[in-house]
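Enquirer: Going down the list, the protein sequences come from chains A and B.
Residue 21 in my numbering sits at position 21 of the first sequence; the count goes up by one each step and never skips.
Take any residue in the second sequence, note its place counting from 1, add 189, and you have its number in my numbering.
Just so you know, the hints here were simulated from the structure itself, not pulled from any lab data.
Some hints here could point you the wrong way.
Listed next, the in silico DSS-like pairs over lysine-lysine satisfying Cα-Cα at most 30 angstroms (straight line) [unchecked claim]:
#1 A:K58 with B:K576
#2 A:K59 with B:K314
#3 B:K758 with B:K371
#4 A:K58 with B:K802
#5 A:K153 with A:K83
#6 B:K599 with B:K532
#7 A:K83 with B:K314
#8 B:K758 with B:K802
#9 B:K405 with A:K153
#10 A:K58 with A:K110
#11 A:K139 with A:K129
#12 B:K371 with A:K83
#13 A:K59 with B:K758
#14 A:K83 with A:K139
Each pair of labels, with its calculated beta carbon distance range [unchecked claim]:
#15 A:R62 with B:G487: 43 to 49 angstroms
#16 A:G168 with B:A581: 31 to 37 angstroms
#17 A:G128 with B:E283: 57 to 63 angstroms
#18 A:P50 with B:N757: 47 to 53 angstroms
#19 A:D133 with B:E780: 52 to 58 angstroms
#20 A:P50 with B:E511: 27 to 33 angstroms
#21 B:K758 with A:P18: 55 to 61 angstroms
#22 B:E770 with A:P93: 28 to 34 angstroms
#23 A:G168 with B:E780: 39 to 45 angstroms
#24 B:G487 with A:P18: 51 to 57 angstroms
Residues on chain B that point at chain A, a partial pick, calculated with CB under 8 angstroms [to be verified]:
#25 S407
#26 A409
#27 F411
#28 S413
#29 N414
#30 Y439
#31 G440
#32 G446
#33 E501
#34 W554
#35 G765
In this text, a Cβ means the ideal position worked out from N, Cα and C, and glycines have one as well.
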Amino acid sequence: MRLLLIISGMILIAGVLPGAERDMARELDEVARAATVIVDGDACQRIVTPRALDYMFKKDPRDQWVDGDNYEVNDQAFIAVKKTLIRLSRLAPFPCDVNLWMPIAGHPDKVRVVIRNAHEISQFWPWGKLYQDMIPQMKQVLDTGRRMTVTAKPGWISVLAPVHNSLGDIVALVEAVSQARRDAHENVK
Amino acid sequence: MSWLNLARTVALAFALVLLPSSIARAAELQALSEYSRPDPFGGVVTPDVTPDAHGHFARAAMLETARGGYTSFHLVVKMPHPGPYALSLSMDREAAGLQADLYREWFHFVDSDKHYYPDALIPLKQPYHSQIPEPDNRIPNQTVQAFWVDIWIPRQAQPGTYHGRATLEADGKASELPIEVKVLAATIPDEDVITMDHNSYGSSWLAGDYPNLSRKRSDAFFRSNEFFSLIHAYHRIFYENHGEFHQLGYGHAGKVGPEYAPDLEGSGRRRHISNWELYDRHYGPLFDGSAFSESRRGARPIPFVYLPINPEWPASFLNWSEPGYEAEFVNVVSEMESHFREKGWTRTYLEVFFNHKKRYMGFPWDGDEVRFPADNRYFLEYGRLLKKALPAGTPVKFVFRADASWDMEKQFGELAGVVNMWVAAGDVLSWLPEAPEMLRHRGDIIWYYSGPPSVASPAVTITRFPMRGWMWGVQGFVHWQTVDGGVDPWFHFNGGGTALVYPGERFGIEEPIPSVRLKIQRNCVQDLTLLDSFSHRKPIAELKSDAAGLYNHTSLADWWNPRPAFANKPTSDWSGTALGEATRPAESHLEKLDPSAWQKVRQYILRLAAEEK
Chain A
1 MRLLLIISGM
11 ILIAGVLPGA
21 ERDMARELDE
31 VARAATVIVD
41 GDACQRIVTP
51 RALDYMFKKD
61 PRDQWVDGDN
71 YEVNDQAFIA
81 VKKTLIRLSR
91 LAPFPCDVNL
101 WMPIAGHPDK
111 VRVVIRNAHE
121 ISQFWPWGKL
131 YQDMIPQMKQ
141 VLDTGRRMTV
151 TAKPGWISVL
161 APVHNSLGDI
171 VALVEAVSQA
181 RRDAHENVK
Chain B
190 MSWLNLARTV
200 ALAFALVLLP
210 SSIARAAELQ
220 ALSEYSRPDP
230 FGGVVTPDVT
240 PDAHGHFARA
250 AMLETARGGY
260 TSFHLVVKMP
270 HPGPYALSLS
280 MDREAAGLQA
290 DLYREWFHFV
300 DSDKHYYPDA
310 LIPLKQPYHS
320 QIPEPDNRIP
330 NQTVQAFWVD
340 IWIPRQAQPG
350 TYHGRATLEA
360 DGKASELPIE
370 VKVLAATIPD
380 EDVITMDHNS
390 YGSSWLAGDY
400 PNLSRKRSDA
410 FFRSNEFFSL
420 IHAYHRIFYE
430 NHGEFHQLGY
440 GHAGKVGPEY
450 APDLEGSGRR
460 RHISNWELYD
470 RHYGPLFDGS
480 AFSESRRGAR
490 PIPFVYLPIN
500 PEWPASFLNW
510 SEPGYEAEFV
520 NVVSEMESHF
530 REKGWTRTYL
540 EVFFNHKKRY
550 MGFPWDGDEV
560 RFPADNRYFL
570 EYGRLLKKAL
580 PAGTPVKFVF
590 RADASWDMEK
600 QFGELAGVVN
610 MWVAAGDVLS
620 WLPEAPEMLR
630 HRGDIIWYYS
640 GPPSVASPAV
650 TITRFPMRGW
660 MWGVQGFVHW
670 QTVDGGVDPW
680 FHFNGGGTAL
690 VYPGERFGIE
700 EPIPSVRLKI
710 QRNCVQDLTL
720 LDSFSHRKPI
730 AELKSDAAGL
740 YNHTSLADWW
750 NPRPAFANKP
760 TSDWSGTALG
770 EATRPAESHL
780 EKLDPSAWQK
790 VRQYILRLAA
800 EEK
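Based on the sequences and whatever the hints tell you, model everything.
Expert: The following block contains the structure:
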């Protein structure tokens, strides 16, 4: 059944995307599939500190940056996972990023990006947000464990894939993403 | 009181002939001090109003200034009824060396307070023919059009009094406003006493601000000559107004804009620079000064520039802490040093600067505004790599810059000898009065950072930045963002807290145009530079004390804050709220400046200048 859904999803993409983008989607799907196997979910869970997660939802009208000013990570876990994501991105024969996203305990309606990469592309991240409303497709991946290709923005292709920890729980997901036509100047800021 | 006495007692460089507004019936010209911005209905904008604001409208512009700088005033055309007019400026033959520039002031409608403020300055060819209401500004019931007049006094000008006039033709009649410029023997030094830096990010905004130009070149825009000319024009406008322009060329996760870095090839020990073409087209004219060849200030290289170096460039973060990272970094930075040396680009400080923050998810440490002291070890590592990449005694001026806030005090110690350019948050620096001298003494560069004031603040507000820098003894300051006027700066303005220049395209000018605030800031730093030059005959502390007293009735100590008790705690325990409260005492002296605050300081400076031979 699971295989059938994946195949039907790929057939659907093949039916609606132009040729070049169809090829990109196929390559990104391969990257995302590998990510599910390779990315260490336990390490992902160690990246953002409990303190930072606590501050993430604090609001203080007299201290408007209280959340970001207290954002911190365990750098060794961050570096280990980031290096894996960079290696994964190099599986694709075109420029792509593999971004790490994670749900937030106690906030099932929210999701956060945890690691971004050098092309600075994501189909979902509003620039600067520490967390945001849960993306329905991400929820589906987190709930079902199935990869999903998203082409909501014209010219953009993201493949979402689950990341598991050693207990077998889905604790994160990756977004393998590229653009049919890259903007060399966007997000240079 | 005669106009001359009034000028000397109130406005120094600006003397007035009192003019009751009730007699203004025919079309006429009036003048206002630069700190009294006119509104489009015959008054002065509310933040600039003083008890005698209406008395500031004058029938003559009487200016007094040193050589080697600009002097300025607002010129207003008042029309009792709608209609056409023509306006021109001229200087007498003996004043031929003086150059007068005329700008139309755009009245921006600010949504937040529903008022109009003049700010963008549109350069004009003379005579200027138009009508009131000004068609493109679309202000209902407009009765006044404002103009900004800049008069440039070359260093070679002979001291003396020069004359000129503004001439208005309307309703078949001509009227004149006399302009008198008293040029003193004193000369403003070439080097500004404080560097005024204007920051920006990337280049994508240029396509948005110049849609016609970018459409014309379509996909080739970002590689076109027009694009690079435009960037150089931004550098020029800030330079001409005694500032410096910075463009950061990379993002928080390491994406580098193509024109900010040479192309790279290979990886590990084989990584090297493959192409300098775009980089050199971008920076060559800025590093050799040729981009400024027509400036009145003379051509000279830009003093500072960001390098593209970040944790992902030139070395891939994939190799962080491995031999490959060091190889990639050292090889490429060494090639850069060779290239700059061979080109003779040795007069610009090349900044290795890390702008990223953890909160933007690119890297696991804060390059900008370190809060958690453990992050300092990354600076130490980059210091090691940089030392390895650069030959000892290189004439190329690489500097390692850090923008410091929370952890500043610790960084000054831990990173001594590694970081040698600091851009400090004003809040923490305000309780470290010994820091600027300590840093300068060991050869570091120290600036502080800030942001431009809104147009809805009193015009004088922008003088607080150079004034504070000079009082503190730092060498410069940064306005963090200065080219973003918001979605609609013309009719629904956000106030301009992130813009000191505007795109000129809507006026047929494919270049940036200046602002009233930029001009006032320029005139302020000219004054400060002149004042500082008098330290050969009067102790600098005395000059500062006198200026501070006139500016806002403060003493030297009032510009600093006591070090708060929480500063002894780990920075992770600090709060932004406590930080804000700790800076209140000194900040409070700058919050409500008298609109004539700088005029009083200028009067003092001109009095000292008049004593110079």
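Enquirer: Next, verify each hint and record whether it holds.
Expert: Hint by hint, here is what the structure shows:
| no. | hint | verdict |
| --- | --- | --- |
| 1 | A:K58 with B:K576 | 42 angstroms, violated |
| 2 | A:K59 with B:K314 | 53 angstroms, violated |
| 3 | B:K758 with B:K371 | 56 angstroms, violated |
| 4 | A:K58 with B:K802 | 63 angstroms, violated |
| 5 | A:K153 with A:K83 | 28 angstroms, holds |
| 6 | B:K599 with B:K532 | 38 angstroms, violated |
| 7 | A:K83 with B:K314 | 59 angstroms, violated |
| 8 | B:K758 with B:K802 | 54 angstroms, violated |
| 9 | B:K405 with A:K153 | 26 angstroms, holds |
| 10 | A:K58 with A:K110 | 15 angstroms, holds |
| 11 | A:K139 with A:K129 | 18 angstroms, holds |
| 12 | B:K371 with A:K83 | 67 angstroms, violated |
| 13 | A:K59 with B:K758 | 23 angstroms, holds |
| 14 | A:K83 with A:K139 | 25 angstroms, holds |
| 15 | A:R62 with B:G487: 43 to 49 angstroms | 48 angstroms, holds |
| 16 | A:G168 with B:A581: 31 to 37 angstroms | 57 angstroms, violated |
| 17 | A:G128 with B:E283: 57 to 63 angstroms | 58 angstroms, holds |
| 18 | A:P50 with B:N757: 47 to 53 angstroms | 26 angstroms, violated |
| 19 | A:D133 with B:E780: 52 to 58 angstroms | 39 angstroms, violated |
| 20 | A:P50 with B:E511: 27 to 33 angstroms | 30 angstroms, holds |
| 21 | B:K758 with A:P18: 55 to 61 angstroms | 59 angstroms, holds |
| 22 | B:E770 with A:P93: 28 to 34 angstroms | 56 angstroms, violated |
| 23 | A:G168 with B:E780: 39 to 45 angstroms | 59 angstroms, violated |
| 24 | B:G487 with A:P18: 51 to 57 angstroms | 55 angstroms, holds |
| 25 | S407 | 13 angstroms, violated |
| 26 | A409 | 12 angstroms, violated |
| 27 | F411 | 6 angstroms, holds |
| 28 | S413 | 13 angstroms, violated |
| 29 | N414 | 17 angstroms, violated |
| 30 | Y439 | 6 angstroms, holds |
| 31 | G440 | 5 angstroms, holds |
| 32 | G446 | 4 angstroms, holds |
| 33 | E501 | 5 angstroms, holds |
| 34 | W554 | 6 angstroms, holds |
| 35 | G765 | 4 angstroms, holds |
Checked against the numbered hints above, the structure breaks hints 1, 2, 3, 4, 6, 7, 8, 12, 16, 18, 19, 22, 23, 25, 26, 28 and 29 and satisfies the rest.
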